[in-house]
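Asker: The primary structure of each chain is shown beneath.
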Amino acid sequence: MTAPIKDYLKQSKGFHSAKWSEPVVMEMTGTGRRGVVFEDAPAPALPGKAARKTAPALPEVTEHDALRHYLHLSQMCLGMMGVSLFGTCTMKYNPRIGERATLEHLKNLHPLQEAETLQGVLELYDNFSDFLCEVSGMDQFVFQAGGGADAAYTHACVTRAYHASRGELQQRDQIITTIQTHPCSPATANTAGFEVITLSLEENGYPSIDQLKSVVGPRTAALMVNNPDDMGIYNPDIKEWVRIVHEAGGLCFYDHANFNGVMSRLRARELGFDACMYMLHKTFGAPKGGGGPAVGAYGCAEHLVPFLPAPVVVKEGDSYKLDEDRPQSIGRVREFWGNAPQVMKAYAWARAMGAEGLREAADISVLSNNYMDWRLGQAKGVRRSNPGIDAPRMEMTRHSVEQVTADTGCTVFEISNRMTDFGIDALWLSHEPWLVAEPFTPEAGELWSKEDIDYWIDVLEHVIGEAYADAELVKTAPHNGPIKALTSALDDPAVWATTWRAYERKHLKKMAAE
Amino acid sequence: MKAHPWMANSGGSAKQEMLAALGENDVESLFAQIPEDHRMTRPLELPPQLSSEVALSRHLDDLMAKNTVFAEGSCFRGAGAWPHYVPAICDEVVGRYEWQTSVFGSPTSDHGRNQAWFEFTSQIGALVEMDFVGLPVYSWGCAVGHAVRMASRMTGRRKVVVPAVMDPERRMVLETYCEPTEMARHIEIVTVAVGADGCIDRTNLKAKLEGAAALYFETPGYLGVIDADPGELCTLAREAGAEAIVGVDPLSLGLLEAPGAYGATIAVGPTQPLGVHMYAGGGVGGFIASPDDERYAREYNTLNISISETREPGEFGFGLTLFHQSSYGMRDEGKDWTGNSTYLWSLANAAYMAAMGPEGFAEVGRLIMARAKAAAEALNALEGVAVDLSRPVFKEFVATFDKPVAEVNAAQRAAGILGGKDLTGEPGIAGNAMLLCVTEVHTQEDIDRLVAAVKEAIQ
Chain A
0 MTAPIKDYLK QSKGFHSAKW SEPVVMEMTG TGRRGVVFED APAPALPGKA ARKTAPALPE
60 VTEHDALRHY LHLSQMCLGM MGVSLFGTCT MKYNPRIGER ATLEHLKNLH PLQEAETLQG
120 VLELYDNFSD FLCEVSGMDQ FVFQAGGGAD AAYTHACVTR AYHASRGELQ QRDQIITTIQ
180 THPCSPATAN TAGFEVITLS LEENGYPSID QLKSVVGPRT AALMVNNPDD MGIYNPDIKE
240 WVRIVHEAGG LCFYDHANFN GVMSRLRARE LGFDACMYML HKTFGAPKGG GGPAVGAYGC
300 AEHLVPFLPA PVVVKEGDSY KLDEDRPQSI GRVREFWGNA PQVMKAYAWA RAMGAEGLRE
360 AADISVLSNN YMDWRLGQAK GVRRSNPGID APRMEMTRHS VEQVTADTGC TVFEISNRMT
420 DFGIDALWLS HEPWLVAEPF TPEAGELWSK EDIDYWIDVL EHVIGEAYAD AELVKTAPHN
480 GPIKALTSAL DDPAVWATTW RAYERKHLKK MAAE
Chain B
0 MKAHPWMANS GGSAKQEMLA ALGENDVESL FAQIPEDHRM TRPLELPPQL SSEVALSRHL
60 DDLMAKNTVF AEGSCFRGAG AWPHYVPAIC DEVVGRYEWQ TSVFGSPTSD HGRNQAWFEF
120 TSQIGALVEM DFVGLPVYSW GCAVGHAVRM ASRMTGRRKV VVPAVMDPER RMVLETYCEP
180 TEMARHIEIV TVAVGADGCI DRTNLKAKLE GAAALYFETP GYLGVIDADP GELCTLAREA
240 GAEAIVGVDP LSLGLLEAPG AYGATIAVGP TQPLGVHMYA GGGVGGFIAS PDDERYAREY
300 NTLNISISET REPGEFGFGL TLFHQSSYGM RDEGKDWTGN STYLWSLANA AYMAAMGPEG
360 FAEVGRLIMA RAKAAAEALN ALEGVAVDLS RPVFKEFVAT FDKPVAEVNA AQRAAGILGG
420 KDLTGEPGIA GNAMLLCVTE VHTQEDIDRL VAAVKEAIQ
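Protein chains in written order, with numbering that gives the first Met the number 0: chain A, 0 to 513; chain B, 0 to 458.
All the pointers check out, no bait thrown in.
Below, a list of computed lysine to aspartate or glutamate pairs in the DMTMM-like style, where the Cα atoms sit at most 20 Å apart:
{"hint": "1", "chain 1": "A", "residue 1": "LYS314", "chain 2": "B", "residue 2": "ASP61"}
{"hint": "2", "chain 1": "A", "residue 1": "LYS106", "chain 2": "B", "residue 2": "ASP61"}
{"hint": "3", "chain 1": "A", "residue 1": "LYS52", "chain 2": "B", "residue 2": "ASP228"}
{"hint": "4", "chain 1": "A", "residue 1": "LYS48", "chain 2": "B", "residue 2": "ASP200"}
{"hint": "5", "chain 1": "B", "residue 1": "LYS402", "chain 2": "A", "residue 2": "GLU113"}
{"hint": "6", "chain 1": "A", "residue 1": "LYS483", "chain 2": "B", "residue 2": "GLU308"}
{"hint": "7", "chain 1": "A", "residue 1": "LYS505", "chain 2": "B", "residue 2": "GLU308"}
{"hint": "8", "chain 1": "B", "residue 1": "LYS65", "chain 2": "A", "residue 2": "ASP125"}
Some chain A residues close to chain B (C-beta under 10 Å, calculated; not the full set):
{"hint": "9", "residue": "MET75"}
{"hint": "10", "residue": "HIS430"}
{"hint": "11", "residue": "GLU431"}
Treat the hints as calculated values from the structure; they're not laboratory data. C-beta: ideal position from N, C-alpha, C; glycine also.
Sequences are here, hints too, so could you generate the full structure?
Answerer: This is the structure we're talking about:
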């Protein structure tokens with residue numbers, strides 16, 4: 000637990016992150032040191048021009064140096080070490096049992112082992128598919144997609160195969176989504192070859208049925224939406240939407256990224272959806288790794304099962320097999336059958352929660368968010384999105400500090416940076432486009448204590464107070480982090496350098512010449 | 000219900016306090032937005048809760064005991080996931096709770112991970128000798144797919160030439176990325192013949208390249224063959240106005256020429272060999288690299304991390320560049336899509352490459368080739384087994400048998416050995432063929448056991 004801020008400010012100078020002056024590892028070279036050695040073997044005779052002429056310009060460090068360097072870097076990573084209410088990402092505890100179990104049991108399994116040697120992990124896949132089918136009402140889950148966006152892509156590919164099987168793919172070339180749906184739905188629909196139609200929000204906070212009807216037709220291949228959206232607004236017309244799209248011959252995909260609040264209260268299939276996706280690294284407790292390895296668990300109803308990416312784990316009698324003989328399958332979206340360690344961690348999380356735990360988590364996440372809304376409603380200069388909508392929001396809400404920015408010049412970026420000085424993970428703001436000015440979107444979830452949540456809000460209020468009293472202090476934040484704010488114009492091709500090679504060429508050589 | 004160890008507010012008075020603040024008696028009223036006829040009418044029917052860690056741990060152990068795990072040195076199967084040695088420091092680095100659990104943060108608050116990402120891209124850049132490297136994608140196959148789509152956008156062409164012999168897993172991913180023929184932006188996949196020497200037939204290639212957006216080939220190839228002059232292939236591609244996309248195993252690059260040095264315009268490859276366990280396929284990842292030229296840089300679908308200055312003179316920071324062209328910036332108008340990928344593994348990759356250094360890569364390359372050669376020769380010496388010894392191979396090679404491979408492998412399994420991948424029936428493969436993988440983890444004794452088990456199996 001974190002101490003309440005009032006005392007925290009009185010008692011000490013407060014939080015300061017670790018600050019190691021670690022060089023870029025590429026600078027740690029030219030020493031002749033070794034970090035890993037292998038047995039000697041004769042140099043092979045390589046054909047023609049195959050041999051490398053210049054050794055790669057890599058670091059030369061001892062094993063200890065390499066370990067220490069990366070441990071120092073890990074220590075300069077705040078993440079969940081303070082309080083992280085990073086919206087849409089559903090920050091949960093990532094149980095350590097999952098780490099231990101995957102190292103003990105999965106690390107040396109090969110994905111192309113014969114199924115008879117994979118019975119344990121295949122049973123786990125099958126059990127977890129059953130678990131998610133009960134949670135969603137779908138008929139089969141697969142785990143090949145390497146993230147939520149990859150599951151959206153899977154759906155776009157399943158949509159292609161479904162309409163192709165009916166001879167309608169050329170005709171059905173449009174996928175409908177909404178501006179509040181995560182960018183991965185329109186982006187993957189486009190990558191899969193579809194034209195994307197994006198519905199705009201109306202006064203209730205979601206697009207109207209009339210707007211949907213105006214774009215649905217014989218070209219409609221699918222609807223891809225989330226619900227509730229990132230504002231915490233639930234579209235009550237969603238069943239009617241599904242009916243309208245189905246009537247026109249399209250499929251309906253439910254991006255369940257924002258599942259935490261509706262978990263155990265509604266099921267995608269019962270709303271009529273043909274398919275849905277859960278992010279195991281968000282809702283189901285697997286770690287996020289700063290961006291994967293992740294799993295977009297993709298589930299669908301019976302009529303789409305033949306099109307699923309192969310192989311699919313199927314039970315035959317008392318044993319399990321990886322079924323590859325699926326003539327209508329879309330093939331692969333990624334090699335093999337998924338990030339098994341993440342599936343196992345999510346399965347472990349789900350089993351430890353059970354039905355009553357899922358209900359409790361949903362209750363707590365919605366209650367905590369509404370408690371946050373209540374407190375943030377009293378914070379100076381903070382305004383909730385869609386202020387005209389009084390109904391309690393779901394598991395997260397978008398807010399705005401537009402008034403603070405107008406009064407003080409401090410943007411939400413700067414406020415967020417200053418909050419990190421108190422051990423608060425950077426705020427999640429909003430996806431593009433910003434429909435709400437100076438947005439931020441916290442999601443309390445079920446992990447964090449009321450004290451953590453109160454501390455988070457205390458820090459925001461404190462920083463807003465600083466913005467009014469001493470804007471410069473906020474604008475120059477962070478002050479207690481491992482480094483100061485970045486200043487380079489990174490979108491300038493003369494400046495950006497995504498490798499040390501490029502940095503040396505663009506900057507070091509230039510500096511030497513000067 | 001007991002207070003749950005993973006939910007702070009499930010115990011004590013917190014819920015009541017929050018409800019009281021809201022003036023509510025019950026959480027149910029907070030779900031008012033969900034219409035009655037949207038709701039489930041019964042409780043979920045799920046297996047019993049295992050909130051006790053001892054019970055959960057036992058359950059996982061019991062379930063996983065049903066797997067057969069082949070001991071290190073007993074797995075001779077590669078083809079997209081390879082048994083390499085993972086230094087202990089790599090597991091420690093990726094196991095750090097700080098960055099394992101972090102989602103994104105900011106360039107300052109999560110500075111360490113941003114620096115480590117830059118060190119991943121920088122070290123890949125050093126291995127392939129290219130200046131622009133994106134953050135990793137889901138897998139090698141996905142890297143091929145994105146690279147081909149980049150090439151198609153850059154050239155305005157809709158055809159890619161690939162070798163007739165290509166890993167079917169990667170090929171299937173590429174087919175998905177190239178879209179079906181019904182789609183207006185479909186990319187045609189054309190195969191180029193592979194000669195008896197295991198390399199791409201140059202004459203055939205010239206005939207196939209016209210109008211192509213890209214040539215994609217690998218060296219070492221799917222079957223372990225090293226092309227004697229990959230630069231010639233790249234030149235032919237470039238002369239035809241196509242991008243030269245080369246797939247490389249980064250562990251081969253201590254010995255083999257860097258693609259950037261022989262004229263590849265895009266390099267892709269797997270990251271699992273760099274310090275990540277196989278994890279039943281969950282260890283895979285892929286990279287994309289190219290010259291640091293706007294023509295390429297502005298087509299990346301990946302997130303891209305750049306070194307930067309900070310407000311503190313002399314201090315480095317690391318932030319995203321070219322974010323706006325991603326799907327986060329431009330939705331359906333962005334470059335393909337990006338999202339969660341395999342970023343945690345890139346930290347293992349960075350630690351691995353740093354510890355290896357230039358000499359480590361050369362040393363492991365020599366060892367892999369020596370061990371693979373020893374295994375190939377010993378197998379070829381058996382009656383009923385044939386391996387083409389006329390050319391050097393890296394890590395993987397084909398053995399053909401008089402007997403069906405499935406039978407040979409079944410006998411090996413009985414001896415505690417995971418034999419090679421059964422290639423029988425794959426395009427360009429004749430007879431009962433097996434793709435064996437021999438690496439630095441295999442000792443001479445392991446190879447002897449493999450050969451003895453094969454001998455036993457074919458008698």
